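Enquirer: Turn these sequences into a full structure, and let the hints steer you where they fit.
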Amino acid sequence: MTRILTAAGAEARIALRNRWVAIAVAMMAVFSMVLSATGSAPTGALGADRLSVTVASLTSLAVYLVPLVALLMAFDAIAGEVERGTLPLVLTYPVSRAELILGKFLAHLGVLALAVAAGYGIAAAAAIWTDPRAQAGLPALVRLGWTSVLLGATFLGIGYALSALARRPGAAAGLAIGLWLVLIVLYDLGLLAAVVADGGGRFTTQVFPWLLLANPADAFRLYNLAASEATAAAAGIGGAAGTISTSLALASVALWPLLALALAILAFRRVTP
Amino acid sequence: MTTLTISHLTKRFDGVTALQDVSFDVAPGERVALLGHNGAGKSTLMKIVLGLIPATSGTVSLMGAVPGSRAARSLAAYLPENVAFHPALTGLEQVRFYLRMQGEPPREALPLLEKVGLGHAAQRRIGTYSKGMRQRVGLAQALIGRPRLMVLDEPTSGLDPVSRRDFYAILDELAGKGAAILLSSHALTEVEARTDRIVILSQGRLRADDTLANLRRKAALPIRLQVTARPDTADSVAGRLSGARRNGVTVDLICPQEEKLARLGQIAGLEGMIEDVEVLPPSLEDLYSHYSRRDGQ
Chain A
80 MTRILTAAGA
90 EARIALRNRW
100 VAIAVAMMAV
110 FSMVLSATGS
120 APTGALGADR
130 LSVTVASLTS
140 LAVYLVPLVA
150 LLMAFDAIAG
160 EVERGTLPLV
170 LTYPVSRAEL
180 ILGKFLAHLG
190 VLALAVAAGY
200 GIAAAAAIWT
210 DPRAQAGLPA
220 LVRLGWTSVL
230 LGATFLGIGY
240 ALSALARRPG
250 AAAGLAIGLW
260 LVLIVLYDLG
270 LLAAVVADGG
280 GRFTTQVFPW
290 LLLANPADAF
300 RLYNLAASEA
310 TAAAAGIGGA
320 AGTISTSLAL
330 ASVALWPLLA
340 LALAILAFRR
350 VTP
Chain B
249 MTTLTISHLT
259 KRFDGVTALQ
269 DVSFDVAPGE
279 RVALLGHNGA
289 GKSTLMKIVL
299 GLIPATSGTV
309 SLMGAVPGSR
319 AARSLAAYLP
329 ENVAFHPALT
339 GLEQVRFYLR
349 MQGEPPREAL
359 PLLEKVGLGH
369 AAQRRIGTYS
379 KGMRQRVGLA
389 QALIGRPRLM
399 VLDEPTSGLD
409 PVSRRDFYAI
419 LDELAGKGAA
429 ILLSSHALTE
439 VEARTDRIVI
449 LSQGRLRADD
459 TLANLRRKAA
469 LPIRLQVTAR
479 PDTADSVAGR
489 LSGARRNGVT
499 VDLICPQEEK
509 LARLGQIAGL
519 EGMIEDVEVL
529 PPSLEDLYSH
539 YSRRDGQ
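For the protein sequence lines, the chains are A and B, in the order given.
Whatever position you read off the first sequence (first residue = 1), add 79 for the numbering used here.
Whatever position you read off the second sequence (first residue = 1), add 248 for the numbering used here.
Everything labelled a hint here was simulated from the structure, so no lab data went into it.
The reader is advised that the hints may include incorrect statements.
Some chain A residues near chain B, calculated using beta-carbon distances under 7 Å [what the hints assert, rightly or not]: (1) T85; (2) R96; (3) R163; (4) P173; (5) V174; (6) P211; (7) Q214; (8) A276; (9) G279; (10) T283; (11) T284; (12) L345; (13) R348.
Partial chain A-side listing against chain B, Cβ under 10 Å, derived [to be verified]: (14) L84; (15) R92; (16) L170; (17) T171; (18) S175; (19) L244; (20) R247.
Remember, predicted model here, so these are calculated numbers, not experimental data.
We treat Cβ as the ideally placed atom computed from N, Cα and C, and that holds for glycine.
Expert: Laid out in structure tokens, this is it:
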């Protein structure tokens with residue numbers, strides 16, 4: 080445990096000095112402010128409180144932004160150490176590779192949680208300040224907060240695995256961006272195309288829900304939209320979310336971080352310093 | 249009881265044999281120099297001893313522990329060639345990090361940095377350090393927690409002569425406390441004065457493993473006599489001694505050890521024609537070339 084915390088402490092200092100903390104917090108804060116400012120129009124028409132509307136917008140934002148920030152922090156974690164030549168020395172100390180990865184993970188997750196808290200906090204403050212009814216949306220916002228952290232954890236783990244497989248920071252960055260594009264953007268487009276082509280057949284009813292659950296980003300979106308009716312209404316896709324059980328979506332959101340970390344540790348074990 | 253025992257160690261990478269049946273050991277308090285050309289297998293040997301890469305066959309034992317096991321890693325310290333650290337951390341933070349990883353109290357970081365002459369720069373980021381300063385951070389971390397085996401890969405590269413002297417003084421102190429030291433170096437003159445035994449690797453094979461005095465005796469390399477003639481007599485001196493004239497006044501003679509006295513007698517007979525004579529025993533460079541070429545290229 081001491082060794083994990085030691086690795087985490089060093090990594091947190093590095094994140095602070097490399098401006099990663101500032102960049103992550105600023106990114107989340109700026110996008111949340113933009114959403115709060117632009118998300119005010121549809122409130123009255125849907126009858127939802129202002130914060131619930133904001134949470135719906137934030138959910139869509141988080142699906143793109145949280146994995147991106149996590150991958151950007153993670154891609155250098157192992158490949159960077161290999162490139163700098165710092166890995167062989169630390170591996171001659173009585174510390175396991177799992178401990179090293181978990182230390183980095185704790186530090187990066189802390190940075191991510193800070194960024195999420197800052198961004199969502201700003202959004203909540205803005206909503207409650209302009210609409211007293213908005214407090215009704217707080218549980219949804221809290222749910223969005225911790226699931227965002229879990230989503231970030233998943234992509235941190237995947238980022239470490241890619242970093243270990245690539246062994247060079249440049250290649251790792253390329254893989255990370257490619258993976259983000261596939262899982263976050265192309266995956267949904269592909270599913271959409273398949274559903275349209277299928278025209279409500281077996282694929283749409285039997286396979287499609289499981290494919291949504293298999294993707295951590297889709298599971299995150301489903302859980303947040305399904306768990307809050309007001310949010311789902313505001314997002315206008317309650318119907319799609321309703322076909323899949325909320326608990327299954329939650330299970331996917333909660334299990335992915337563990338799976339990703341296991342992948343990261345396995346990939347790191349294969350790296351010869 | 250030896251600290252490090254290497255027996256019949258072989259390492260192959262994709263068909264290339266990096267080490268072939270290498271065996272030697274290092275006793276407590278013994279300073280052993282590992283010499284060899286670039287690519288002779290020195291760094292590979294060190295990485296296997298530290299458990300960073302597995303051996304293809306053969307065994308390595310560190311006081312009974314298997315390399316790479318937690319016990320072995322607690323016993324051994326390592327200073328890699330061109331040691332690197334994260335540039336964003338300060339020297340103090342970096343050494344504290346390694347102290348905690350070794351399970352030692354972090355308050356020892358500053359004394360360790362002072363010991364290697366970095367007390368004044370402890371609070372500065374390593375990114376601002378010179379190569380020599382980074383090397384000293386490397387030495388500081390290698391001193392953590394009374395290591396029983398120090399593995400040092402080209403430890404004095406990038407150090408100025410004064411720092412080198414300080415570095416060897418610290419090594420002597422550690423060896424005095426019973427640490428076994430295995431170091432590789434290209435600076436042969438340093439190794440000559442500062443180590444107890446020399447192991448020569450060439451093309452992955454062990455070519456020599458003995459004290460310097462024994463290596464000299466076994467190699468029986470010829471001695472060089474350098475005769476300085478008086479002006480204008482160099483040619484006739486060279487003629488009479490049947491040696492080769494090197495420049496205006498110097499004549500070089502090469503002779504086996506047992507003919508040394510006879511040759512010196514001849515030179516003394518030419519008293520009027522010569523200024524001076526110097527006897528040059530085979531240098532460590534000569535010995536090194538002798539052993540690393542033998543049954544090699």
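Enquirer: Would you mind marking each hint as holding or not holding in the structure?
Expert: So, going through the hints one by one against the coordinates:
1. T85: Cβ of A:T85 sits 4 Å from chain B, so the hint holds.
2. R96: 4 Å, holds
3. R163: 5 Å, holds
4. P173: 4 Å, holds
5. V174: 5 Å, holds
6. P211: 46 Å, violated
7. Q214: 42 Å, violated
8. A276: Hint on A:A276: violated, closest Cβ of chain B at ~47 Å, above 7 Å.
9. G279: Violated - the Cβ of A:G279 stays beyond 7 Å from chain B, reaching only about 55 Å at its closest.
10. T283: With a minimum Cβ separation of about 50 Å from chain B (threshold 7 Å), the hint on A:T283 is violated.
11. T284: Because about 51 Å separates A:T284 from the closest Cβ in chain B, which is outside the 7 Å limit, the hint is violated.
12. L345: 18 Å, violated
13. R348: 12 Å, violated
14. L84: This interface hint holds because 8 Å falls under the 10 Å limit.
15. R92: Given a least distance of 6 Å, the restraint on A:R92 holds.
16. L170: The hint holds - A:L170 has a Cβ within 10 Å of chain B, the shortest such distance being about 6 Å.
17. T171: 4 Å, holds
18. S175: Holds. Min distance 8 Å.
19. L244: 19 Å, violated
20. R247: 15 Å, violated
Violation of the numbered hints given earlier is confined to hints 6, 7, 8, 9, 10, 11, 12, 13, 19, 20; the remaining hints are satisfied by the structure.
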